[in-house]
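Residue numbers (our numbering), protein chains in the order written: chain A, 31 to 337; chain B, -9 to 731.
These are computed hints drawn from the structure, not numbers from a lab.
Please note: incorrect hints may appear among the correct ones.
Stated by the list, open to error - Below are the SDA-like pairs computed for lysine to any residue, each with C-alpha atoms no more than 25 Å apart in a straight line:
id: 1; chain 1: B; residue 1: LYS463; chain 2: A; residue 2: GLN310
id: 2; chain 1: B; residue 1: LYS127; chain 2: A; residue 2: HIS185
id: 3; chain 1: A; residue 1: LYS188; chain 2: B; residue 2: SER128
id: 4; chain 1: B; residue 1: LYS633; chain 2: B; residue 2: GLU694
id: 5; chain 1: A; residue 1: LYS83; chain 2: B; residue 2: GLY134
id: 6; chain 1: B; residue 1: LYS338; chain 2: A; residue 2: ASP98
id: 7; chain 1: B; residue 1: LYS345; chain 2: A; residue 2: GLY302
id: 8; chain 1: B; residue 1: LYS193; chain 2: B; residue 2: MET(-9)
id: 9; chain 1: B; residue 1: LYS345; chain 2: A; residue 2: SER305
id: 10; chain 1: B; residue 1: LYS338; chain 2: A; residue 2: SER305
id: 11; chain 1: B; residue 1: LYS345; chain 2: A; residue 2: ALA311
id: 12; chain 1: B; residue 1: LYS345; chain 2: A; residue 2: ILE313
id: 13; chain 1: B; residue 1: LYS270; chain 2: A; residue 2: LEU130
id: 14; chain 1: B; residue 1: LYS270; chain 2: A; residue 2: ARG107
id: 15; chain 1: B; residue 1: LYS338; chain 2: A; residue 2: ARG309
id: 16; chain 1: B; residue 1: LYS345; chain 2: A; residue 2: ARG309
id: 17; chain 1: A; residue 1: LYS188; chain 2: B; residue 2: ILE165
id: 18; chain 1: A; residue 1: LYS188; chain 2: B; residue 2: PHE(-1)
id: 19; chain 1: B; residue 1: LYS338; chain 2: A; residue 2: ALA311
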Amino acid sequence: MTSPNRPRSFQEIILRLQNYWAAQGCAVLQPYDMEVGAGTFHPATTLRSLGGKSWAAAYVQPSRRPTDGRYGENPNRLQHYYQYQVIIKPSPPNLQDLYLGSLRAIGLDPMIHDVRFVEDDWESPTLGAWGLGWEVWCDGMEVSQFTYFQQVGGHDCKPVSGELTYGLERLAMYVLGVEHVMDMPFNDPDAPIALTYGDIFRQTEQEYSRWNFDQADTDMLFQHFKDAEAECARILAAAETDSAGRRIPMAHPAYDQCIKASHLFNLLDARGVISVTERQAYIGRVRALAKACADLFLTTDAAGVTA
Amino acid sequence: MPDLLIELFSEEIPARMQARAREDLKRLVTDGLVEAGLTYASAGAFSTPRRLTLTIEGLSAGSPTTREERKGPRTDAPEKALEGFLRSTGLTRDQLETRDDKKGQVWFATIEKPGRSADQIVAEVLDGTIRNFPWPKSMRWGAGAMRWVRPLHSIICLLSDDSGATVVPLTIEGITAGDSTRGHRFIAPDAFSVTGFDDYAAKLRRARVMLDPAEREAAIRQQAENLAFARGWDIVPDDALMTEVAGLVEWPVPLMGVIEDRFLNLPPEVLQTSMKEHQKFFSAKNPKTGRIEGFVTVANIETPDDGATILAGNQRVLAARLSDAAFFYENDLREAKSGMENWAEGLKSVTFHNKLGSQADRIARIAALSRDIAPLVGTGPDQAALAAKLAKLDLRSAMVGEFPELQGTMGRYYALAAGHPEAVADAARDHYSPLGPSDAVPTAPVSVAVAMADKIDTLTGFWAIDEKPTGSKDPFALRRAALGVIRSVLENGVRFTAKNLMFWPVIKRVVTDHHDTAPRDRELVSKLASLGYEDDARTILNKMGAATSDRYRADIEKLKEAAGSITDDLLSFLHDRLKVYLRDQGIRHDIIDAVLAQPGNDDLVLVVNRATALNDMMATENGQNLTQGLKRASNILTQAEEKDGVEYSFGADVKFAETDEERALFAALDTAEPAIKQATASEDFPAAMTAIAALRAPIDAFFEAVQVNSDNQIVRRNRLNLLSRIREAGRQIADFTHIEG
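Isolated chain A (complex conformation):
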């Protein structure tokens, strides 16, 4: 890792990925403005992987996994972290090469590293989605998830989307040679005001860990879950035509409620108030919402349906 090509900060890695995928023709989107567990939940992936329309997007997605909070103490675990997500439909025949190009772009040269594609099939029970692919290993470390979507929301993906997900902190720590995530330079270490990841996130990790594990009002969260579920169902059941006679099915607003329900479930799970048997039932309820949203999305223009 003494290559002159080596990035100097977390943000430089993100910027290089943005530039690289922009150069490959992806629309560089911004993060979705809601709490999600992974970049896959962004409608740019979940909904846009459905239907026949071609699509190519790349974006950073802040992701929240309340159960992974460690008060900022664990060198590798965070309840809030970043994923870099690339989604291309139909998956191009050279997707593996494109991906390897992105590793070169951030300073990982496959001629001196050991880059491998190791079987890892992906499944999201909450999204009713699955695909086949690999986790990509670099020198024994998982640096990305590489998936060919086969089903989303219970629907066959035709054409198939190729999805790449980079766990940015872990990848960056490796590229930058940092042992503890909080020590990682966020901006350039020689900048007048050099900031580490810890300068920005140590306090929030502590605050959210406390709230996630000890403080979140579970009665209120249960109620919010029910509300989101009900609102999702209501939106989906609404007439497709508005008062002016325009056909406007509301797949995205409905899907927002599904995302909310999913995150509320994760919060309740972190609070330890969902038993093993209830778990499956809650996952099933979110999946039902996701499927219904997918059904509706497939009737819309964005899914390639022409009126």
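Put chain B on the given structure of chain A with help from the hints.
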């Protein structure tokens, strides 16, 4: 005779699927070629992560022309019949001929199938093979409809002979077969063309691809051993890991690393599991310390820095993993030393099965059963119950949460850390055994007690809630549990009446379910509950019997009856598994049936001893003839008893004997009967067999010389009563009517 080369070049094929895929490719293609009329001399299949390859040598250049004659309807048959025949042969009437047959004139068709060239056939067979390939999981990609394990990029399909090589014309979903492939993904990514298998394998090697998985395995093994040898270490052999690793690389480059000192106090199982599961590292053991001190990782590339960057990266990842493991272990040890109360408490909220309660409920049941089993295996009830209570606590430990396969192994370390005796701690490790037919059975008494209790609880629980295995479905692995009980009992010579042991867990469950399913009897159930049925069903039933009204007593009888029939059903399931087990040991199924029809059939050791002795005897001519004699005696007797409406069982007297043979049989029985009785009473079944086998000659001689159904009723009755003595002697051993032949 041309040779055929096929390569299916794709994105990375999961390592675990490659061996099957090689076999399937070879089988499907060669079967298809042979089916189409081609022959070949030899075939070989290979794989790397990115390719499946098949080479076939000495393929015939084409299929021969075949002629088939088919007989049709008679010439005077209705027109419809002839039309059908023409349709089925694809011929016209003028192409048929008529011949004389026994029954008159008959239409005959000669169907000629012209031979086809090998390339036509190969194209067809390969097309079918690719479209119908039996991948365990396959996928679509891009906008295509084709399925393969991962996206398929190119196909080589090449026929070559002395005059050169030709590409077989074939296009599947936009991929046209050619003669070119690519080498190592990073070292030699450019396409190159080949002229046949030898050229292909040689060029691949130059392009840093070792085609043959066996060669890759051998290379990994040898280099890993060399690296270990240089440090005086040994590689811990792991065939499954070897196969997997060889399926992850095209050009194996083993690299050796050292485990940091701070991790060397972790249990070796933890080091090994963490390195294998997460990193696919081989473990290296230092024979001087007996510890795992190093690892071998297998890279897929030779680098200018001789793997230094790769090794540093792997070392770093391992350190992070082992830091986690060490953190888990330290926390777990703290909990273990403080008595593991939190874990026991935690298991109350872990559901085992929604009808069978939590893991804590289950542990309480297993502890109670272990207490009952302890004296049968020669250990103290308190120690067995303690071991049972501890055995599954590690399910709540952080380490087992991370590595479920370390359940039991960690339990042993934690029980020792908590200050429990070795025998109790060992039970935590060993009570899951045997996990399969070849897995060792526990032998230490405490471990045997807990292992049996664990499995009997599983069986009685699922039987009582009617979740039995059906056909190929056995989601709770009950067949395995039953075999585990059988092997634990037999290999340790545990003497017990299975029915008794199984009845109490079943009735407790029945009482509990009663509560769920029959609200009208809630009064009864609450009464039972108030008497503490969860603790000891025996006591409450006795108490209930004395202390309650007749109505309750009737209800209790019903519960007992329900539990009895469930227990009987479970016993017959155990018997079925025992039959399968004994058949594998070479004991005939009819012999097992004959023994199982005897009383005491729930004492499995007794059953097997009897069956083994009987099986040995039945392997001799003497034994087979004796069986004939016993069955003949039994048949004559049964017929006479049916006819006369009485049972002949008593009163044969030698003074009514008319022949020497008859008197000789009396004498033989007088000798054999007490010998058989004594031998069976002391369970010396070989001696019992010897004693009954001595009857063979007298019985044969008797039937040879004597007509049982004599006109003299006294003589007849006497002889029938004599036969009943033979039948009784046989019944001491087994129910011979089940024995075939």
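Structure-based check of all given hints:
1. LYS463(B) / GLN310(A): holds, 22 Å
2. LYS127(B) / HIS185(A): holds, 18 Å
3. LYS188(A) / SER128(B): Holds, at about 15 Å.
4. LYS633(B) / GLU694(B): holds, 24 Å
5. LYS83(A) / GLY134(B): This hinted pair holds, its Cα atoms lying about 14 Å apart.
6. LYS338(B) / ASP98(A): holds, 24 Å
7. LYS345(B) / GLY302(A): Holds. LYS345(B) to GLY302(A) sits at ~23 Å (cutoff 25 Å).
8. LYS193(B) / MET(-9)(B): holds, 24 Å
9. LYS345(B) / SER305(A): Holds - the C-alpha atoms of SER305(A) and LYS345(B) are around 15 Å apart, at most 25 Å.
10. LYS338(B) / SER305(A): Holds, because 11 Å separates the two Cα atoms, which is no more than 25 Å.
11. LYS345(B) / ALA311(A): Holds. LYS345(B) to ALA311(A) sits at ~17 Å (cutoff 25 Å).
12. LYS345(B) / ILE313(A): holds, 22 Å
13. LYS270(B) / LEU130(A): Within the cut-off at roughly 22 Å; holds.
14. LYS270(B) / ARG107(A): Holds - the C-alpha atoms of ARG107(A) and LYS270(B) are around 23 Å apart, at most 25 Å.
15. LYS338(B) / ARG309(A): It holds: about 17 Å lies between the C-alpha atoms, which stays within 25 Å.
16. LYS345(B) / ARG309(A): holds, 17 Å
17. LYS188(A) / ILE165(B): holds, 19 Å
18. LYS188(A) / PHE(-1)(B): holds, 23 Å
19. LYS338(B) / ALA311(A): holds, 20 Å
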